[in-house]
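Student: So the chains spell out like this:
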Amino acid sequence: MKKTIIAAALALLFGAHSASAFGIFDNLNYQARLGYNIGGTMPMGMPASIRGLDSYKPRPSFTLALDAYKPLTEKWGMMAGFHFQTKAMETDARVKSYSMEMRQGGESLSGLFTGNVVTKTSQLVVTLPLQATFNVSDAVRLKFGPYFSYALNNDFSGYAYDGYLREGDPTGQKVELGHNEGERGDYDFSSDMRHWHFAFDFGADWYFSHRFGAYADVQWGMSGVFRKEFKTIEQTMYPVYATLGVMYKLK
Amino acid sequence: MVKPFSLIAIVAFATTLTSCFKDEAPNNECDIVEARIQVENPDEVFFQQSNAELLGIESTKTDLIFPDLRPNSDVTALPVYFKTTPGATVSPESGSAQNFANGPVTYVVTSEDGQYSRTYRVFIKAEEANQNPDQPEDQLAYIHYNFENYSLDPATSKFYMWSDYENGYNWATGNPGFSIARGSAKPDQYPTTPLAEGYDGAAVKLETCDTGPFGVIVNMRIAAGNLFTGVFDSKSATKEPLMATHFGDGSYNQINYRPVTLSGYYQYTPGATFKDKNAKVVEGRIDRGDIYAVVFRNVDSEGKAFYLTGDNVLTSPQIVALARVPNVVKTEGGWKKFAVDFNYIRELDAAILANKGYSMAVVFTSSIEGAAFEGAVGSTLLIDKVSIAYKK
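Top line first, the protein sequences correspond to chains A and B.
All residue numbers for the first sequence refer to our numbering, where the first residue is 4 and numbers rise by one.
All residue numbers for the second sequence refer to our numbering, where the first residue is 499 and numbers rise by one.
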């Protein structure tokens, strides 16, 4: 049963045609992985409107993965799989004249905010990686390749507090936001997030026994987390996460 | 075994982030936040020292109107000093002597980054000497408020404002606060709107409105329609709403006469369901309106300009007199006249009065507990032809 699922998945990934050409189902081995993810959703290069980071909290994020490895030569091989991942974090940033929009029901209040902004992001994604691998030694394997992810669940929300909003532009009405719930400005951009993501993944596997190993990966998002039409956050926000975990060779 | 690794990763990650913060960009705001007239002989020029400065200027206000100077003061070469948002520049220069005798002087404030600018008008004039020389001391004179002069707010055209003066506004409403919560509302969907067919010409219609989903978040679910002489400072509207209503604030509301009677015409219809602050229906309670005028000392013990706010408009020790319509409940058969005398808690000090050391706030609201965000949506108070009878 398990094998059928994996085979079906790989067939989907590579296409039936190339699969038969490669004879790809021969000589496969499988690894199950359990990892802890840490990282953030952030702009590449901070805009000047972000003045500092008062706190960064990784929120519990895990990877559960199944990979299939196929050696092509003695050193080179390929790896593909199914990864279920949560990617979550919380930040509290100091901002100056930072583009903001608070929405509630059909109403919105937008402008430039100076003060503190708490951002909570989380995504539940299914990732289909395809990686080239290189065996440095019997125990260590390097991996690099692209992947597509589909987000089953998106959250990008938070609140602006202890500061003021200039409605529209810097000459607009000034609206102060306080510290406590009810005085601050809540926002939720979850529905503006895209579902499909393209990214690169690079990392290394290290077997410390015949079956058990540890691994480390970096997943570097190439597509922003928001849809193109979404303009409130001016800079593109990329998810960049690292995973540290353990793996077990099934076959 | 994961833990120590993630700790290292956090530190590494945070360090990476911190290292790439850019230098702070130049400021893009261009507000005058304070203005001050500097003269060598302030006692001869100003009725009160606090009249020399305008503090805490609201973010949307661009007409800065100083209280009138003493009669015959020279306004042809007055230096006005400005405090702006950081980095902004003023032209003509802050502190340069300007001639205010021919009307307002225009100042352009440009933001530090040069991207934004705003044009301010500063009004300074000397009071005309002997305004009513023939008026006998004991005879009543009247100030009339007819509410014919209204227009959309100049900055956004979202809501109506009222003024009895050509420049600036002596009346304020909570409409700017409502615009924060209900940005999509049309001007006639605001709590305070003009009513074309009033008792005589246009009247004002005050209606308690639902503030929508934003109002729920900040637990300010209703906005009572209100109209008062003073200033509404919307920057406090969400954070400290009681501080947003500056009753009797502004140079137009200083008085040098003794108010005797507040009178006018009104109609009142309470809304169907009275709710408390948490939107819980209060069975059996019927909403009421409120109509009153307060006279208060407009300088505090430290010599600073003083105005009443939502938390103390009826209780401040600065208050010297109050005229309040006792029971604003449902009216039948059209307009109803009201007339109430000012009840003086303390007698006015003649010397202070002569120097315009008192101000008056005239206040109307469609829900008496509106400041506490309690009332019935739909409660409507119509107001027209208000007058203040006074003696010199």
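The reader is advised that the hints may include incorrect statements.
[To be verified] A short, non-exhaustive set of chain A residues, derived as facing chain B with CB atoms under 10 Å:
1. Gly48
2. Gly55
3. Gly148
4. Ser194
5. Asp195
6. Ala207
To be clear, the hints were calculated from the coordinates, so they are not data collected in a lab.
Just so it is clear, CB atoms sit at the ideal spot from N, CA and C, and this is done for glycine as well.
Student: Now tell me if each hint is right for this structure.
Tutor: Results for each hint:
no., hint, result
1, Gly48, "holds, 7 Å"
2, Gly55, "holds, 6 Å"
3, Gly148, "violated, 22 Å"
4, Ser194, "violated, 15 Å"
5, Asp195, "violated, 18 Å"
6, Ala207, "violated, 13 Å"
This entry does not satisfy hints 3, 4, 5, 6, going by the numbered hints stated previously.
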